[in-house]
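In our numbering, the protein residues as written are 33 to 128.
Hints are computed from structural coordinates only; laboratory data are not their basis.
C-beta atoms are modelled at their ideal positions from N, C-alpha and C, and glycine is treated no differently.
Take these hints with a grain of salt, some might be off.
What the hints assert, rightly or not - Ranges between beta-carbon positions, derived for each pair:
| no. | residue 1 | residue 2 | range |
| --- | --- | --- | --- |
| 1 | ASP98 | GLU66 | 24 to 32 Å |
| 2 | VAL60 | LYS116 | 23 to 31 Å |
| 3 | HIS104 | TYR64 | 32 to 40 Å |
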Amino acid sequence: MRALGLADERIMTSEQKLHLVERELAFVRAEYQEYLSAISHDIAGPLRTMSAFSEIIASQNAESFDAETKRHFDFIIAVAADGKRMLDGIFSGTLA
33 MRALGLADER IMTSEQKLHL VERELAFVRA EYQEYLSAIS HDIAGPLRTM
83 SAFSEIIASQ NAESFDAETK RHFDFIIAVA ADGKRMLDGI FSGTLA
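All chains should be modelled from the sequences, with the hints used to inform the complete structure.
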C-alpha cells in the first residue's frame with residue numbers, strides 16, 4: 033500500500049510540474065508574439081514610408097524622368113511591396 037501512495041504522490045507532483053510548465057510556456061508564447069508584433073511594426077513602417085515617398089516623387093516627376101530613373105523608382109516601390117508581403121507571410125501564421 034505504501035508503494036501505491038508514493039506512486040500517487042509522484043503522479044500528483046508530476047501533474048503539478050506539468051501545469052507549471054504549461055503556464056510558463058503560455059507566458060513565453062505571449063511575450064514572443066508581442067515581440068514579433070513589435071518587430072513587424074518596426075520593419076513595416078520604414079517600408080511603407082519608402083514606398084509612399086517613392087510613389088509621390090515618381091508621380092510628381094514622371095514626365096521629367098528618363099526611362100532608367102522611372103525603372104529605378106518602380107523597383108523601389110516593388111521591393112517595398114515585396115518586403116511587406118514577406119513580413120505578412122512570416123508573421124501571419126506566427127501571430128494567429
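Do the hints match the structure? See the list:
1. ASP98 x GLU66: 24 to 32 Å: Taking Cβ atoms as reference, ASP98 and GLU66 lie about 47 Å apart, which means the hint is violated.
2. VAL60 x LYS116: 23 to 31 Å: holds (28 Å)
3. HIS104 x TYR64: 32 to 40 Å: With Cβ atoms ~38 Å apart, the hint holds.
When the structure is compared with the earlier hints, a violation turns up for hint 1 alone.
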